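Positions 1 to 1050 (UniProt numbering) are the ones given, in order, by the sequence shown.
Because the hints were derived from the structure by calculation, they are not lab data.
Mixed in with the good hints there might be a few duds.
Here are the simulated DSSO-like pairs of lysine-lysine, each with C-alpha atoms no more than 30 Å apart in a straight line [as the list claims (entries may be wrong)]:
(1) K49 <-> K230
(2) K819 <-> K802
(3) K77 <-> K25
(4) K300 <-> K324
(5) K486 <-> K48
(6) K632 <-> K761
(7) K227 <-> K356
(8) K55 <-> K235
(9) K25 <-> K324
(10) K356 <-> K454
(11) K948 <-> K974
(12) K632 <-> K873
(13) K877 <-> K761
(14) K356 <-> K247
(15) K819 <-> K843
(16) K548 <-> K79
(17) K734 <-> K843
(18) K230 <-> K324
(19) K788 <-> K324
(20) K761 <-> K117
(21) K747 <-> K79
(22) K1040 <-> K843
(23) K974 <-> K356
(24) K324 <-> K275
(25) K383 <-> K632
(26) K77 <-> K747
Because the structure is a prediction, the values reported are computed rather than measured.
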Amino acid sequence: MNYKIIIILLLLSFGTKVYGQHIFKAQIRGSKNAPLPGALVTDISNEKKVSTDEKGNFSLTSDSAAINIRIGYVGYKVKTLRLFSFDPKQVVINLEPLDNQLADITIISDGYQSLPKERSTGSFVQLDQSIINRRISANILSRIEDVTSGLVVNRNPAAGGNISIRGQSTLFSNRAPLIILDNFPYEGDLNAINPNDIESITVLKDAAAASIWGARAGNGVIVLNSKKGKSSEAKVGIFTSLTIGAKPDIYYLPRMSSSDYIDIEASLFNSGFYKDAETSLSNIAISPVVELLISKRDGKISQQDADRMIDQYRAIDVREDQRKYMQRTSVDQQYSLNISGGSGNSLHFISGGFDKNLNSDVGNSSNRITLNANQVNYFFKRKLELNTAISFLQAETNNNNQGLIAYSYARLVDGSEGYPNVTRGLRESFKNEMVKKGFLDWQYNPLADIDQNKNSLVNTEFRINTSLKYNIFPFLSASILYQFAKSSQDQSNLQRENSYYLRNLINQFTSINADGSLTRRVPIGGILDESIGNSISHNLRGQLAFDKSIGSDHNVSAIAGAEVRQMVTNSSQTRAYGYSEEYVRSSTVDYLTRFPLSFNTAQFENIPFSDGMNQLTDRFLSYYVNASYSYKQRYIFSASTRLDQSNLFGVDANKKGVPLYSAGLAWNIAREPFYNIGFLPLLKLRTTYGYSGNVFRSLSAYTTASYSNGTISSIKLPFAQIESPPNPSLRWEKIRMVNIAVDFATKGNRISGSIEYYSRKASDLLGTTPVATSTGISSFRGNTADTKGYGIDLTLNTQNIKGIVGWSTNLLFSVAMDKVTAYPAGNLNSAYISGGLLPVVGKPIGAISSYAWGGLDPSTGDPIGFLNGVPSKDYTKIISSSTLADLVYNGPARPPVYGSIRNNIDFGPWSFSANISYRFGYYFHRPSISYGTTKGLGGHSDYTLRWKNPGDESITSVPSVPLVANTARDEFYKYANVLTEHGDNIRLQDINFSYQLPADKTGKVFRRLQVSVYLNNLGIIWQESKSGIDPDFQSALLPKSIALGIRGDF
1 MNYKIIIILL LLSFGTKVYG QHIFKAQIRG SKNAPLPGAL VTDISNEKKV
51 STDEKGNFSL TSDSAAINIR IGYVGYKVKT LRLFSFDPKQ VVINLEPLDN
101 QLADITIISD GYQSLPKERS TGSFVQLDQS IINRRISANI LSRIEDVTSG
151 LVVNRNPAAG GNISIRGQST LFSNRAPLII LDNFPYEGDL NAINPNDIES
201 ITVLKDAAAA SIWGARAGNG VIVLNSKKGK SSEAKVGIFT SLTIGAKPDI
251 YYLPRMSSSD YIDIEASLFN SGFYKDAETS LSNIAISPVV ELLISKRDGK
301 ISQQDADRMI DQYRAIDVRE DQRKYMQRTS VDQQYSLNIS GGSGNSLHFI
351 SGGFDKNLNS DVGNSSNRIT LNANQVNYFF KRKLELNTAI SFLQAETNNN
401 NQGLIAYSYA RLVDGSEGYP NVTRGLRESF KNEMVKKGFL DWQYNPLADI
451 DQNKNSLVNT EFRINTSLKY NIFPFLSASI LYQFAKSSQD QSNLQRENSY
501 YLRNLINQFT SINADGSLTR RVPIGGILDE SIGNSISHNL RGQLAFDKSI
551 GSDHNVSAIA GAEVRQMVTN SSQTRAYGYS EEYVRSSTVD YLTRFPLSFN
601 TAQFENIPFS DGMNQLTDRF LSYYVNASYS YKQRYIFSAS TRLDQSNLFG
651 VDANKKGVPL YSAGLAWNIA REPFYNIGFL PLLKLRTTYG YSGNVFRSLS
701 AYTTASYSNG TISSIKLPFA QIESPPNPSL RWEKIRMVNI AVDFATKGNR
751 ISGSIEYYSR KASDLLGTTP VATSTGISSF RGNTADTKGY GIDLTLNTQN
801 IKGIVGWSTN LLFSVAMDKV TAYPAGNLNS AYISGGLLPV VGKPIGAISS
851 YAWGGLDPST GDPIGFLNGV PSKDYTKIIS SSTLADLVYN GPARPPVYGS
901 IRNNIDFGPW SFSANISYRF GYYFHRPSIS YGTTKGLGGH SDYTLRWKNP
951 GDESITSVPS VPLVANTARD EFYKYANVLT EHGDNIRLQD INFSYQLPAD
1001 KTGKVFRRLQ VSVYLNNLGI IWQESKSGID PDFQSALLPK SIALGIRGDF
């Protein structure tokens, strides 16, 4: 009976229809083939709706093997089509942009999540591959400069810091933006990252955009996303470039001629200026011309011979030898290769890069090797995603050229291509006498010294990133992310046995015994200085992400998570005397005893000691929530909050646990039913408010001290020196920012852009407060300063011509104003006139001030200043007694107004792009003559403009030659108001020519092949200052360069 029932059931089952679940997967893409996250996909049969993920992918299930779906996305036409579950290939669906909508959908990544820019309220700038690859260079910084709204690179030393986003938010803490590389903070050198491995760069500028990074985002955030595999057949990408840079213009700085320099020496000699040097117990160096004048005076040489030799010196310019033998044309080479592809449940990307650079200084070079691999795997019908990435970088820099230390009429090479002696350090007569007694050769020649130095820095970085993401529901996912990073910086400076530094040091610590023998306290052999720095960091993050569309009107997106971070940094320095490269050995020396120096036996010194070590441990624990809600993509609200705790903060600050937060609103006016302005299809208002912070890693809430073993102290006992006292209230610097913005675009994107106004108030900034010396310290650094500022960022894009010939223009205009509102400092004017070393309440951060100028004395040509409001030539008192109120305030050292204009022209496969940058509203101190320092390369050429006779004060502001050296006079003139110049300038930054080879001309080998010619650093085309000095490159101009680049896929 049982068998019969089973047989009947089996027979019935053949006629039964089996119902199973069919899975439909596809990817939605828009303009420029970019994925569209957040697109709404509807199964028409049951109105079941899902949204695409951050990569534009979606998944639907159905009882049917084929379904009809409807796809909707803002700015695109609704598309209806039929999908089949048995399609073995991944389906890619391209949506067609609406004619009257802004079609270019930008996906923003902040390091925690990715979302469409149109669903954000914050201030972002994203640079895609077209902008990143526009410049041919080996570093990220040059790729983002002058193409990023609100970002400026400061090169004026008085400006402080390098990169700034919307001005400066701190005084003494780290001024650089936070760098995020593949979801985690990057602590290395930004310029070490290979730009050919970067897919996109996003700059977060306001609180809503950056506050998710909390106490480290006060200076803005730069987010870098590395390239990853895409679902496609295997593809190989190559890039190679060759950049040739001109020799540096060593004649750029106006220097006095050798003849003028010799005239000054003769004048000073006749006035007795060198008497002290002649009789000095320290045997300090005296130049060859002065030595000739001394020999002539003492009858050791005739007047005729002295004049003849001096005239020979007058015809020499050491810069000729420097340019010929110590400089060269720079050559930079880049090579990059990547392989990517994948399909179904596995995607991969592998890349390798090699850079080789010959610096313009002979003996200096660098090279870099980068390796990256990324693998993405999907499991359980793509519900589980595993992402693993490995990155390796090694960069080596060699700086063997120590530069030129010589007077203007020195010779580096003689007629027989030998290396003549260049006077340095001590008198040649003393050196020669000591060499006769057995001392080492004491001659110096900077060109010969290049081969005797081996100074290298090797930077190695290794990172492992892994993440696991599980899609609990189509709208809810959980992720765990981990990063391990290890880096090392190994610096090695070998002074070989024949280097001047070593021979000079050995001779200095050599003494002559009573029997004429020599005792050398520094052993024969090389000196090896090594500095080793290592850091290891662990980052762990757990995060929940929610993204759901409710009907067609509502969308909610949120993330919540926690992360922990630890970074341990160790460094050590060692010095080995008597080092042998061949046998890798060294000798011991006596660091404790103070020895008499050979050039002055009354002077005792210790042999230089440089050993030391330190360790720094940073720990961060953070909790965060970020959410946004949109209604009909018309009204958008966002909010975020983050709580940071760290061992760097004080106990009080960690106990309070005050979170940093932000909130934002956006209104898409163009989506309102009443809106009927057809020529302006995009009009969006945004406003945000929030707080971010900044952390100074070198300051701790605990007492910090440096220890010494006593080898360099007079008491010969170990001791400790307090670096900073305890501060339980130490907390992060807090930056509040308000941002108001308008985004707009006309029909067909003829004109598009945004204008943003922001205000910023920074409080609890670190400042230095004087304290009573009875405490054992003279100053205390804590949260004592405040600043505030405001600014404007304007981005304007125009498509001037469309058609066979395309012409577009990109305008960036930024204003960044700031001022100090609170700072506990005294009236030390010398700290203010040299470029804003100390903040000034009521003035910009980094303000430049100067001494009031009263002209030149009609009878002597001396500069005239003011003391207590009265004209004075008491320069020492002017410098030491004047208050801040007595100084002339000039303006900021950083440009408060800056931007660029980039024009792009396309004609078939040809393209042309030129970028003009501008900077306005800042100041700098123009260099001029300093009579007390008329050495080195010979002093400034303003010497020829000096006051010589009564009446010259009406035609020149260059003081007369003083009868005796007066350093206070030189100092006053150096920072007098007459030498302060406007830095305003407009420069042609670069030009790019590109040609895209048609597919039929690549021999069917390449899918795409582009050849580019790039011209860089083309120079200033206008500046307000008439001095001829580039305010951004005061000491040396960046040489012009030309590059050839080839980029292709096959």
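query: Does the alpha-carbon distance linking K77 and K747 stay inside the 30 Å limit?
result: Distance ~16 Å between K77 and K747 Cα, so the pair holds.
- request: For the pair we were handed, K734 and K843, check the Cα-Cα distance against 30 Å.
  value: holds, 20 Å
query: Taken at face value, is the distance from the CA of K802 to the CA of K819 at most 30 Å?
result: Distance ~45 Å between K819 and K802 Cα, so the pair is violated.
query: K230 and K324: Cα distance at most 30 Å?
result: At roughly 51 Å apart (the allowed maximum being 30 Å), K324 and K230 break the hint.
query: Do the alpha carbons of K55 and K235 lie within 30 Å of each other, as the hint requires?
result: holds, 19 Å
field: K548 paired with K79 [C-alpha distance capped at 30 Å]
entry: Measuring from Cα to Cα gives roughly 21 Å; hence the hint holds.
- request: Please work out if K49 and K230 have their alpha carbons no farther apart than 30 Å.
  value: Judged against 30 Å, a Cα distance of about 26 Å means the pair holds.
field: Hinted pair K819 and K843, Cα distance within 30 Å
entry: Within the cut-off at roughly 5 Å; holds.
Given hint K79 paired with K747 - CA-CA distance at most 30 Å: The given pair, whose Cα atoms are some 22 Å apart, holds under the 30 Å limit.
message: With the threshold set at 30 Å, check whether the alpha-carbon distance from K877 to K761 stays at or below it.
response: violated, 38 Å
task: Take the C-alpha atoms of K788 and K324, compute the straight-line distance between them, and say whether it is at most 30 Å.
output: violated, 51 Å
query: Going straight from one Cα to the other, do K356 and K247 come out at no more than 30 Å?
result: Satisfied, since the Cα-Cα distance of roughly 18 Å is no more than 30 Å.
Against the hints set out earlier in the document, violations occur for numbers 2, 4, 5, 6, 9, 12, 13, 18, 19, 22, 23, 24.
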